[in-house]
Each structure stands twice: as structure tokens, then as C-alpha cells.
Amino acid sequence: MVDRINDIWGERTPHARGTTWPARVDQYLEDGINETQVDRWVQSACLLCSNGCGADIAVKDGRMVGIRGRAGDTVNHGRLGPKGLYGSTPWASSPDRLTRPLIRQDGRLVETDWETAMGRIVEVSKGLLEQKGPLSHGFYTSGQLFLEEYYTLAVIGKAGLGTPHMDGNTRLCTATSAAAFKESFGADGQPGSYTDIEHCDAIFLFGHNMPETQTVLWARILDRTRGEDPPRIVCVDPRRTMVALEAERTGGVHLAPRVGTNLALMNGLTRELLANGWIDEAWVQAHTIGLDALRATVEPYTAEEVARICGVEADDVRRAARIFGESNAVLSTVLQGFYQSHQATAASVAVHNLHLLRGQIGRPGSGVLQMNGQPTAQNNRECGADGDLPGFRNWDNPAHVQQLADLWNVDTMTIPHWAPPTHAMQLMSYAETGSIGFLWISATNPAVSMPESARIRKILEGDQCFVIVQDLFLTETAELADVVLPAAGWGEKTGCFTNVNRTVHLSEKAVEPPGEARSDLDIFLAYADAMGFTDNDGAPLIGWRTAEEAFNAWREATRGRPVDYTGLSYDKLRGPSGIPWPVNDEHPDGTDRLYADAVFPTDTDTCETYGHDLLTGGAVTEQEHRALAPAGRAFLKGADYTPPHEEPSEDYPLRYTTGRTVYQFHTRTKTGRARSLHQAAPDAWVELSQVDADRLDIAEGDWVRVESPRGSLEVRARIGQVMQGAVFAPFHYGHWDPDGLAADAEHRLANELTMTVWDPVSKQPYFKTAACRVTKIRDREGPSPAPTTAASAPASVPAGGQAPAPPTGAPTTSQVLGTTPTYALDPSNRRS
Amino acid sequence: MPHLSTYVGLADHSEQILADSLRAIGQGHARAADVFHTCHLLAEMSDQHRADLAPMVQRYGEDDIEEPERLHAEGLAQAREGEIGLLRDLQDLHVLATLVQTTWTVIAQGAQGLRDPDLLRVATTANAETSRQLTWLSTRMKTAAPQALIVAP
Chain A
1 MVDRINDIWG ERTPHARGTT WPARVDQYLE DGINETQVDR WVQSACLLCS NGCGADIAVK
61 DGRMVGIRGR AGDTVNHGRL GPKGLYGSTP WASSPDRLTR PLIRQDGRLV ETDWETAMGR
121 IVEVSKGLLE QKGPLSHGFY TSGQLFLEEY YTLAVIGKAG LGTPHMDGNT RLCTATSAAA
181 FKESFGADGQ PGSYTDIEHC DAIFLFGHNM PETQTVLWAR ILDRTRGEDP PRIVCVDPRR
241 TMVALEAERT GGVHLAPRVG TNLALMNGLT RELLANGWID EAWVQAHTIG LDALRATVEP
301 YTAEEVARIC GVEADDVRRA ARIFGESNAV LSTVLQGFYQ SHQATAASVA VHNLHLLRGQ
361 IGRPGSGVLQ MNGQPTAQNN RECGADGDLP GFRNWDNPAH VQQLADLWNV DTMTIPHWAP
421 PTHAMQLMSY AETGSIGFLW ISATNPAVSM PESARIRKIL EGDQCFVIVQ DLFLTETAEL
481 ADVVLPAAGW GEKTGCFTNV NRTVHLSEKA VEPPGEARSD LDIFLAYADA MGFTDNDGAP
541 LIGWRTAEEA FNAWREATRG RPVDYTGLSY DKLRGPSGIP WPVNDEHPDG TDRLYADAVF
601 PTDTDTCETY GHDLLTGGAV TEQEHRALAP AGRAFLKGAD YTPPHEEPSE DYPLRYTTGR
661 TVYQFHTRTK TGRARSLHQA APDAWVELSQ VDADRLDIAE GDWVRVESPR GSLEVRARIG
721 QVMQGAVFAP FHYGHWDPDG LAADAEHRLA NELTMTVWDP VSKQPYFKTA ACRVTKIRDR
781 EGPSPAPTTA ASAPASVPAG GQAPAPPTGA PTTSQVLGTT PTYALDPSNR RS
Chain B
1 MPHLSTYVGL ADHSEQILAD SLRAIGQGHA RAADVFHTCH LLAEMSDQHR ADLAPMVQRY
61 GEDDIEEPER LHAEGLAQAR EGEIGLLRDL QDLHVLATLV QTTWTVIAQG AQGLRDPDLL
121 RVATTANAET SRQLTWLSTR MKTAAPQALI VAP
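Line by line, the protein sequences give chains A and B. Counting in this note's numbering, the first sequence runs from 1 upward without gaps. Counting in this note's numbering, the second sequence runs from 1 upward without gaps.
Extracted from the complex, chain B is given alone in its bound form (with noise of 0.2 Å):
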């Protein structure tokens, strides 16, 4: 199952590029208090996905090999400035973790297959918790948008 253990390696590193990210953005966004406090508690979250997924890569293994079409995303090491700089920010962190969910969503079609009812409990939460952080971002970006755009300096 070469595919299988390239999306459990492509979950687990996606998490924690997201969780990382949201680290960074929360705190270079701390001024805005609940940014800094909601980023740190997602960022749990995806370690939490990360925890619960370590089993199962060691059921399957965690490819991590040289292939050239492998799905990516780059991290966010560091926040932009400003009103507009939290908007793009939002934005790129909602595309991390659409990334995230969009693997769960398709290990857990390889758990159905496979039969295997801890990978898809793991799968299956971890694609509802991933919903709730993107909700979030959804939230937080529609409310900062008409300001950023409009009126900010």
C-alpha cells in the first residue's frame, strides 16, 4: 500500500506545517488578542490529529519519499503586518487546512476499503475537527474583510 502510507506521511506533515503556522500567525498577530489565543488552541488540535494518527503510522508506515508530484504546502514562518497582513494570513492558513481536510477525507475512503476501524475513527475525527478550525478561519476572515479592505491605513 506504497499511496496509503504517502497520505498518512502527507496528514501527518500537513498537520504539523498547520500547526506550526497557526503558532506563528497567533503570535505575530498578538495584538489582536483573540487571533493569538484561537490560533494556539487549533494548533492543539492538529497536534492532538498528529497523537492520535502516531499508531497508525506505525501501522502503515509514513512515506516520505523523493516523488516529484507529491502534494506540498509551504508553512508560514512569519505574519504579515496590519489589518490586511491578518486577512491573507487567515487566508493562507484556511488553504493549509484545506489541505488538511481533503487528506483525512481521503484516508478514511482508504479505511473503508481497507476495513480498518481505528485509521477511519481517527480519519473521521480529525476530518470533523479540521472542519471546526476552518469554520473559524471562515468567521474571522468575514469579520475582518470590509475593514481591511476599505478603511485600514
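With the rest of the complex left out, here is chain A (with noise of 0.2 Å):
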């Protein structure tokens, strides 16, 4: 039996370089139950972090009751982790789930029957459409929807109403990841594959806490470090986080740089690789353009001027490039360190032009990894219910708009395509002036979400907007809401989502939604259905009524694009393994990576964008583009560091920073209503320095305030591995509590301090870089709530003592395989 809120990654299974990564089966089974009373077990992948873990759902009498993993599928090999293993299936059963529409009426939230709920939906629709046209509606998704639900969307926006107002969360998580892509290499797509881990000899994690957000993948990398050849890592994180310490335990470099300077540092790496030489010359020169410019951009960034912005040593800026530029072959991971900081996009191009200048992409153990931080918001991105045209096409290319509108049977002016699809913050900005007038927010909270919490709350509650949530609970968004609808969650609908990895996984239905919810799908098309929107012929615009049917709809949208699903099927999905696509008759199992043949989607009549000046957002246009002639190369792209928009001040005197705990999911919806992860993690924290605490007269488990120039919030200190001068925050507490004890419930939302400023080119907003003050309020009644485990361990431990161990977890199987399986792509099948 192994407790996995204390034994956080499970127990190791080490192996050599270049072979398969042994199989290990961790399950889960609510209490008082065992496996001979399951009825039955029903594929699935688990939806609590984005690694995208193959995945069986435990039914017993009609109820989800636990979780076992895949040992055949290629992204987890049997793991899970304690997010999915505790936190998949008891929300399904909670007491408070919605089970039926709620209207408001005389200001409060009633219950009303579907035909009402989605009659008040169309009538408002409809009356605006005629009013103000089809600019007035906007769509706020999630990156937990399947992909069936977010092509439907997609095609009911665009085609149907015909409004760019669509994005989803996944600006807040992933936009970065998929900006720098186009950017970098034409489209989005992720280049390498988890298989890299088992190939690489170094391995560089920016700005990704790894440990706590995708623990099944550091699992994978902790059983390379720790067994025969491991690789070295190299971490840039301002906390001393597991990374830090692997990095320190390999012979790898810790760098932490100060919060909102990350692309000062980055110049600083390339402009080492520049000038020791350590670049493939023929490499960048068939297979890249733009090495110049990039060089000039480059050249100012010292190491000993990088250390006078980062704040770090410039013999550690030596020693990370030399590792990188010495190394045979180099994985790179990004997450929100970059993605939500200061030139996210500028920085996490960065790391591409690294791999180019060493000609290292395209080959095992040779990759990078720009990670996202939800299950499906892959899919958000491919289907374009983010905004972007389905299929990686391109607005500005009216060849692809054209695609689209013969497919649906449309007309083109119909498709908007005139200007970049319009991104969460504005799309919030036009509710507020009410220049949207029709909003609808699916599977997600950006009351507790979204920076400056409290503007956000002004903005969903006014008159100014009609708002509809649709959720599986009444959470602190759909408390706002005008119509609240209730949905059918993860194992009570069927549907596709694909990982960070490309893995497309087929997740079936395993029980029937409570009370009168339904899926997302089904409230979609049921919300079409009412509108009637028709194609040019008068047909219903949306042909299908199943999961499986909207599925082989998308199918079509992505032939001739690299996000090829044309190979794929339902029953394909139902083999031991989710897919990694493209998947077509060139590659009829799927594909492990991209580039293989260092051939890039730039082309200008093929891309995905023509581009963007990295530094302020103005777009590339097609000419430009066209006379860049990139056929096939990827681009060297750079810029120059500028500071972040807020910096400390004499009355703000420290760098405020977001992030989450290995416990907790976004705003707690599922995790928050599992038991073991709820006691792990219950109530929010900050993090500060031991030299700031003292400084400012702080002990461990005091009350402190800590202010921004937009909100505050007060809640207890932990002395923690954040860097000095730095204040970390977790953004996972709004003003839901499972037990109604928080004592700060009121007063610890972490975006209450953030602001409201985007990348230009991603339009991610930057939780990351805030000016913030700490006073203490009162004096601790013991220890902060904050976990004990990964990077919110506590600075220094009492005199003779050790941490204090979190809470038990419930008790779990794990079982490592004596043979391991095959996995159909694995490049350690041709090695051995």
C-alpha cells in the first residue's frame, strides 16, 4: 500500500540510457472497496494535469470508484499520479453537483427546467444577433472540454454566429507554448515526444516546476537521473524547487533568475553558444534563416550582464551554456515561469533558437518540450475554439479560410478571418463596456482564474452582459451567472483529448451524469439546434448528433494540415495505446516526433502565421513573408530584454509571483472535493524568504497581509525555497471551501494582486511579474498551512526535527512489471 500525498512520484524503477522506460501500475480504490467488487473498467486518459496518462475508470453499481493505469500506453506506462489518482473520481458523486439549469430571477439563481433555461439562452441570442450582429456574442472555454465539444463550437462560432470573440483558459496556460511554436517553426505542434527523455544527455527545464505539475513525467526523468549514463539538468526556477535540487545533484546548474527577467538570461545562453563556436554551422545554415539578426540581438548580453538582470552568477550563465553546448543531445522543457512572465513568448522562442543554433530537434533524446498546463487544451488549440482556425490554418491566408468554407458550406465573408481571433482579456474588456453583450463560459472559473480577480467579478455580475455558465458545479463564476447549466463531467460523456505529447486518447463513457446534466456536446448542439443555423444549401450547418460522428467531422478538417487526425478512428483509439498524430497513410501508427527530416511547416502558402515582431506584436504580413522565402526553414527569431512593467518601489518593495501546489488543480473544482489532496493542501499560503521574514519581523504560520497596488490578501506565511525578494503565492484558493472552515476564505485569492498585462504576441498574461508589500497582521497560531513536500517545504525545520509529514494519503497500489510491454513508437524498440 503506498501513501502518495507523502510518496509523491511512487517508487523509482531506474534504467539506462536508451532503453524503454519499465512499466509500473499504480490503481486506486475508494476505501472499502477492492478490485473483485469493480463491475467493470472503461478506457479513458486522466484530465488532471496535462501529461494526458493512459487511463481505466473503476465502475462499481453505476459509480465511478477509482482509477488504474495504462501500462501499455506510451505516455505513462501504468503511472498516475497523486492529482489522478485521488482527485478523478469522487467529485463525480458530491453532494453539490449541479443537477439542473438555474435562471436568475429577481437577482437570485433559481431552478428552471432545460427548455426554459435554453429558451431565455436563445432569446437573448437572437435579439442581440438582430440588434448588433454576431460581434456582440463571445465564447470563454477550458481546456478540460473534449475535442468533439470544442470543434462543435468552433463551427457554431465561426460558421454559425460568425464572431472572432472565442477563446479559452488555455490563453492563460498554454498560449505561449503554441505562439512560440508558430513563431519558431510556421504552426503549432509539438516537435518532441516523452520518448526524448530516455535518449538525452541533458536536460534543461525553464521556468517548469516539473515535480508538482507534471509528476508521472518527472517520475520518467527521476528514473533516468537515477539510474546508469543520467542525464545532467539544468533548472531556471526562482524557487529552490526538486528540480534545483536535481540539477545540484547531477552536476547540472540552478539558475534563478530574478522574476520578469527570463529573456535576458536566454540571450545571454545563445549568445554563449554563439561565441564558443558550440553551433552546427551547416545545420543553421540549411535549415534556419535569420542567424544575423539574431547574432546583433544577441550580442550585448554578456554573462556578466546577464547576472547584473538576473541577479545570478555569471560563471552559472558559463557553466549552463557549456552543458548545452556540449551536450550530444539536449531536452528542453517550458512552462509558466516563461508562459505567464515577462516576454513569454520572446523567451520561450528563445529556447527553440537554441536547439536550432545546435542543430538539435528531430532526433531521440534531441526535443523540446512546451508544455501546457490542462489535459485538452491541445485540442482548444487545434479545433479553434481558442479563436484560431480549426487545423492550424491561418486567418490571413484566404486559401485556408477558403478550405473552411467549402467544408462547412458557408460563405467565406461568414468565417471571421479579417484580424487575430480576439484573446480572453479583451474579450472581457468588450463584456465590461458591454460591447459584448452575450457571454458563455464553459468548464471554467475566471472569477478566481483570471488576474485582478475583482474587476473580473464586476465585469460577469453587471447588467451590462448576459452571462452563461455551464459547469459541474456552482462555482465562484457560475454564482454570477444569468443561466446556469449543468454539465456532464469526464467519465459520464464519451470524447477525444489529445496531451502535450500529440497523444490522442479516446475517453469513454463510463456512467450516467446526475440528475438532468448534460454534456457539453449535447448542450451545444441543442443550443445550434435552436438557432437553426443552415448552410448555403439550407442543411443544418452541424451534420452530426454523436461524440464519434463530431469526431470523424474534425477528421476531415485536418487532412492536408500537420495536426493530421486522418488515420485515426474511434476504434483505432480503442487499442492498448492513445496515438500520437499526425496519424495518416504516411504514417499510419502515428508519429513520436516532428521534423525529423528538419523540414518546417514555414512555407508561406502552408504556415500557420506569417509571423510577429516579438518585442511589440505587429504582425508580419503576407508580403514580407513571401520574401523571406522559408520554405522549409525554421526561423532564428530574437529580442532584446526590456524590464518588466512593474518593478519593486520603495512602497512595493518585492517581486510577487503565482503558481500551484502538487495537490491542487486550478481552483480546486475536482481536487478540492477529494479528501487525501484536500488535507494536503487546504488552505492557501505565501512563500517568502527566510532574509525577507526576518527582515520583516515574520515567523512561520504568521498571519501576514500582502498587498499590490490593485488588491491584497491575507493569509499565513510559510518561510520557505522562494528566492530573496521574491513572494510566491498558490492561485488555486477562491472563496470555496469544502468543509466551510477556511479561516481566510474571503481574503486569499492570489489574482486579486496580479495585473492586467499580456504578452504581445501570445496575449498570455503575466501572473508571474507583480510589485507587492508583506506586513504582518498577527501572530501564527501554529505552523502556515502550505505543504511540507516539493518546493513549499519550509526553509529550515525545528531544532532536532525533521519537516513535519503532510496528512496521509489514502492508501494506493503500485506494481512494477516484471516484463515490460511494447510501445508501438518507442525509438528504444530499435536499440535493443
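What the hints contain is simulated information worked out from the structure, not anything from laboratory work. Treat the hints loosely; a few may be bogus.
Not everything, but these chain A residues come out facing chain B in the computed CB check (under 7 Å) [stated by the list, open to error]:
1) Gly434
2) Ser435
3) Thr616
Per the computed footprint, the stretches of chain B lying under chain A, defined by three or more beta-carbons under 8 Å from a beta-carbon of chain A, are [unchecked claim]:
4) 24-38
5) 113-126
Even for Gly, the Cβ is constructed at its ideal location relative to N, Cα and C.
Once you've looked at the hints, go ahead and assemble the two chains, each given alone in its own frame, into the complex.
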């Protein structure tokens, strides 16, 4: 029996470089249920981080009662993390599920039936269309829906209504990943593969606290670093995370740049590669453009200059660059420390530049993993529910728009393609003024998760905009809506989703949703029916009724595009493993990594974007792009470092940054309802360095007020692993509390303090660069509620003691398989 | 070279007017966070162009004589209101930046004729960056236009 709250990554299965990662099957069944009592196991994949682990759902008496990793799945080889094990199923039978639609009457939400709720939605929608046209409509979705739902909504929005105002909370978590791919390689699409971990000799983690965000992927890395011929780890993070400790252990480097200075560091690393001749000249010559401009851009960023800007040691910059420059196969991973911080896209593109300069892309071990925050974020990007055109098509390319018009049998003028899609923050601004008067929010909780949350709540509760919220629970956002629709969740409906690694999984329906809750797909179809959207021939615009039919329609939309699903079907996805796209005649079994031939989708007629000025976001025109004649070569793009938008001042002397804990996901909608996870991280906190805490006379567990020019929170302090001058706050906690016991429920919202400011290219909001001050408000009653594990561990432990262990988690099982299954695309097969 | 000095003066002054106007418009539309921050970033580019031009002002002088037909543009002291106001302000900034760009084009031609590599470098660099300013203004106008023209209150 394994307690996966205390043993976050589970048992090690170390193995040598170039060999297949062993399989270990992790399983959780709720208390009182053993394996023999499970009625059936239903194929799915985990939805509680972006890793996308293959899993089976345990069903007993029509209820989801547990989960088990799929040994044959290429993503996880049977493993699951603490969130997936403990958090996947309890929410579903939670007594506070929404089971009936709600409608606002005299200021209060009251229960109603579907006909009344949908009738009200359609009445407002039609009224606004008549009065103001489609630009009055906006949709804000999630990284939690299935691809069939995103695609259906995308067709409704783009071909039914014709509004450019569609985005997802993926804008908050993964927009920079997509934007960086488009700038460097011409189109979205993860170049690397998780199998690169088995073949690399160095791993760089840029702003990526993988041990807490993707625990199973981190276990995969630990099984290399603890095995024969281990890779060296380089960590870029202002906190001394588990990654930083592993960097120290493997002879790598931990670089802790000041919050907001990532690009200066990246420019310095790039300059070191160039200055030391650690570049593959012939490869760069043949497969890239932009070397001279990049060289000029990074020239001023000597290691000493970087040390001055970032507050790191110049020698550490040189050491890290040397590891990159002298390794034969480097894997880089990137996440929110870059995506949600200043100059996000430019810094993420700089990671690509390092790989391109070394010619290290497209072969086993040499890869880039621009991570996602959420399990289905990739599908939002692919299907176009985030505003992009489906299938990585270029809104600025008339031929691409025509392809969609032909596919949907609608006029090209209907499809909004005259400007870049409206991003989430702009969408909220339009809703603020009433310019958008109809806003439909699905499966996300912006009242907690968006920056400057007080402003967002005001927008949602105001009369200027009619708000529909579709969710599992009455979230902080749903409480403000005009109509609330009860949705079926994971396991209560069928659909597919695609992880960071391009791996597509089918998630089958295991149980019936509670009460009158309906799948998001059925809700969107009901709206489309009621609105009577038709094509050029007067036939219904949406010709599908089931998830499988929606999948097949989507498959047609991908034909000939980089994101090619044409070789996939529900039947094919019922095999032992998820399958990474492209899957087509050329690659019938899927594709482990992109760009093995070093040909990138940058051709002017193929690319998803003509690109942007990374500093301003100004768009490159088609003519300019054509003049560059990229013709399959990747772009080397650079930008100057500029200081963050809000620097510490006399009034606000500290740097404020937000993030995650391993035990919670997003705003805790699911994880907060799982007892083991909730007990491990029950309430909010802030982390201070020992030096700052001493100066402010703050001790572990003291209540503190943290203020920025926009708002404040009052929570307890953890004297922890954050760098001096920085304050870290987890963003998971809104006023909802499962026990109703949180002492700080009304003042623990980390996004009260963050700024309304976003990256010029990806439009991802910056959650990690604000200034703040901290003052003590009263003495401690005990230690802070912060977990004592991973990056939240206390800086010092009481004399003679060890950091107290978190509360015990429920028992799980974990079994290392004697024989490792064969994984179809694993490059290790070829070596053994 | 009385007319070259006039154009050096025009470049200096129009960059200043552009920088001041960018700051005024950025501040006036501070609720649009990207407009606020990008306008300030673009204003710093114009500041830099003036700093780069300073040695050339020493070299060629900077005529600011009262010349009735001399080109000039009014700066923007105050932002207009709302989404349509933003659109008009961006368009005005675009007009100012176009004057700046054509001024640099003319100065670069003069520098070629004079065989002055320093002046040519200043004019060419500034011209290229003015293109970046113009590109952002166009991009932002394209984004703002449909909503401002059709639905804005």
C-alpha cells in the first residue's frame, strides 16, 4: 500500500540510457472497495494535468469508484500521479453537483428546466444578433472539454454566428506554447516526445516545476537520473524546487533569475553558444533563417551583463551554456515560469533558438517540450475554440479560409478572418463595456483564475452582459451568471483529447451524469438546433449528433494540415495506447516526433501565421513573409530584453509571483473534493525567503497581509524556498471551501494582486510579474497550511526535527511489471 | 546645406512629437493594458532615435526657421474616449509616424549624396524601427476596427 500524498512520485524504476522506461501500474480504489468488487473498467485518460496518462476508470453499481494506469500506454507506462489517483472520481458523486439548470430571477438563481433555460439563452442571443450582429457574442471555454465539443463550438462560432470572440482559459496556461511554435516553426505542434527523456544527456527545465505540475513525467526523468549514464539537469526557476535539487545532484546548474528577466538570461545563453562556436554551422545554414539578426540582438548580453540584470552568477550562466553546447542530445521543457512571465513568447522562442543553433531537434533525445497547463488545451488550439482557425489554418491566408468555407458549405465572409482572434483579456474588456452582451463560459472559473479578479467579478455580475455558465458545480463564476447549465463531466460522456505529446486518447462514458446534467456537446448541439444555423443549401450547419460523428467531422477538417487525424478512428483509439498525430497514410501508426526531416511548416502557403515582431506583437504581412522565402526553414528570432512592467518600488519593494502545488489543480473544483488532496493542501499561504521574513519580523505561520497596487490577500506565511526579494502565492484558492472552515476564505485569492497585462504575441496574461509589500497582521496559531513537501517545504526545520509530514493519503497500490510491454513508436525498440 | 538642416530639425521634432503623443495616448487609454505598455515602448524607440541623431544635429545644425511651407504635424495632447476614440487615436499616431518615416527616407537620401556613413546609419536604423512602430499601429487598428465600428456603445 502506498501513500501517494507523502510518496508523490512513487517507487523508482531506474534504467539505463536508451532503454525502454519500465512499466508500473498505479491504482486507487475508494475506501471499502477491492478489485474483485469492480463491475468493469472503462478506457480513458487522466484529466488532472496536461501529461495525459492513459487510464481505466473503475465502475461499481453505476458509480466511478477509482482509477488505474494503463500499462501499455506510451505516455505513462501504467503510472498515475497523486492528483489523478485521488482526484479523478470523488467529485462525480459529490452532493453539491449541479443537477438542474438555474436561471436568475429577481437577482437570485433559481432552479428551472432545460426548455426554459435554453429558451432564455436563445431569446437573448437572437435579440442581440438582430440588434448588434454577431460581434455581440463571446465564448470563453476551457482546457477541460473534449475535442468533439471544441470543434462543434468552433463551427457554431465561426460558421453559425460568425464571431471572432472565442477564447479559452488556455490563453492563461498554454497560449505562449502555441505562439512560440508558430513563430519558430510556422505552425503549432509539439516537436519532441516524452521518449526523448530516455535518450538525452541533458535536460533543461525552463520555468517548469515539473515535479509538481506533471508528476508522472518527473518520475520518468528521475528513473533516468537515478539510473546508469544519467543526464545532467539544468533548472531555471526563482524557487529552489525539486528540479533545482536534482540539478545540484546531477552536476547541472540551478539558475534563479529575478522574476521578469527570463529573456535576458536566454539572450545570454544564446550569446554563449555563438561566442564559443557551439553551433552546427552546416545545419543552421541549411535549415534556418535569421542567424545574423539573432547574433546582433544577443551580442550585448555577456554573462556579466546577464548576471547584473538577472541576479545570477556569471559563471553559472557560462556553465549552463557549456552543458547545452557540449551535450549531444538536449531535451528542453518550458512552462508557466516562462509563459506567464514578462516577454513570454520571446523567451520561449529563445529555447527553440538554442536547439536550432545546435541542430538538436527531430531526433531521439534532442527535443523541445513546450508544455501545456491543462489536459485538453491542445485540442482547444487545434479545433479553434480559442479563436484560431481549425486545423492550424492561417486566418490571414484566403486559401485557408476558403478550405473551411468549402468544408462547412458557408460563405467565406461569414468566417471571421479579418483580424487576429479576440484574446481572453480583450473579450473581458468588451464584456465590461457591454460591447459583448452575450458571454458563454464553459468549464472554467475566471472569477478566481483571471488576473485582477475583483474586476472580472464586477464584469460578470453586471447587467451590461448576459452571462451563461456551464459547469459541474456552482463555482464562484457560476454564482454570478444569468443562466447556469449543469454539465456532465469526465467519465459521464465520451470524447477524445490530446496531450502535450500530441497523443490522442479516447475517453469512454463510464456512468450516467447526475440528474438532468448533459454533456457539453449535447448542450452546444441543442443551442445550434434552437438557433437554426444552416449552410448555403439550407441544410443544418451541424450535421452530427454523437461524439463519434463529431470526431469524424473534425478528422476531415485536419486533412492535409500538420495536425493530421485522418488515420484515426474511435476503433483505432480503443487499442492499448494513445496515438500521437500526425496519423495518416504516410504514418498509419502515428508519429513519435516531428521534424525528423528538418523540414518545418514555414512555407508561406502552408504556415499558420506570417509571424510577429516579438517585442511589440506587430504582425508580419504576407508579402514580407514571402520575401523571406522561408520554404521549410525554421526561424531564428530574437528580441531585446526590456524591464518588467511593474518593478519593485519603495511602497511595494518585493516581487510577487503565483503558482501551483502538487496537490491541487486549478481552482480545486475536482481536487478540493478529494479528501486526501484537500487535507494535504487545505488552505492558501504565501512563501517568503528567510532573509525577507527576518527583516519583516515574520515567523512561520504568522498571518500576513500581501498588497499590490490592485488588491490584497491575508493568509499565513511559509518561510520557504523562494529566492530573496520574491513572494510566492498559490492561485488555487477562491472563497469556495469544501468544509466551509477556511479562516481566510474571503481574502485568499492570489489573483487579486496580479496585473492586467499580457504578452504582445501570445496575449497570455502575466501572472508572475507584479510588485508587492508584506506586513504582519497577527501572531501564528501554528505552522502555515502550506504542504511541507516539494517546493513548499519549509526553509528550516525545528531544532532536532524533520519537516512535519503532510497528513497521510488514502492507500493506493503500485506494481512494477516484470516484463515491460512493447510501445509501438518507442525509439528504444530499435536499440534493444 | 540649408535644407538638410531643416530635415534634421524635422526628424528631431517629429520624433519628439511622436514620442509625446504616444505617451499621451498610451496614458489616456490605460484601461487597454496593451495600448498603455506598447505606446510607452514605442515612445522609447523614438527617444532613442533622437539620442542617436544628436551628434548629427551638432554636425549639420538644426534649422527651425519660420518657413511657411515647412512640413509639420500637430501632436496629440489628449486621448479620445472609448473604443472608437482609440481607433481614431491610433490612426492619428499612424499619420505622425508616417511623417517621421518619410523624413528619415529623405535624410537617408541626403546622407547617400553626402557620403556620410554616420548619418546614413542613423537614418536607416531609425527608419527600420519606425516601420516596427507603424506595423504595430496597423495591427492594433485592424484588431480594434470591427468592434469599434459596428458594436461599441
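Comparing the hints with the structure gives:
Nearest Cβ of chain B to the Cβ of Gly434(A): about 6 Å, under the 7 Å cut. The hint holds. The beta carbon of Ser435(A) comes within 5 Å of a beta carbon in chain B, closer than 7 Å, and the hint placing it at the interface holds. Because the closest C-beta pair between Thr616(A) and chain B is about 4 Å apart, less than 7 Å, the hint holds. Under the rule that three or more residues need a Cβ within less than 8 Å of chain A, the assignment of the region 24-38 of chain B holds, with 6 such residues.
Counting residues of the region 113-126 of chain B whose C-beta sits closer than 8 Å to any C-beta of chain A gives 0, which falls short of three, so the coverage hint is violated.
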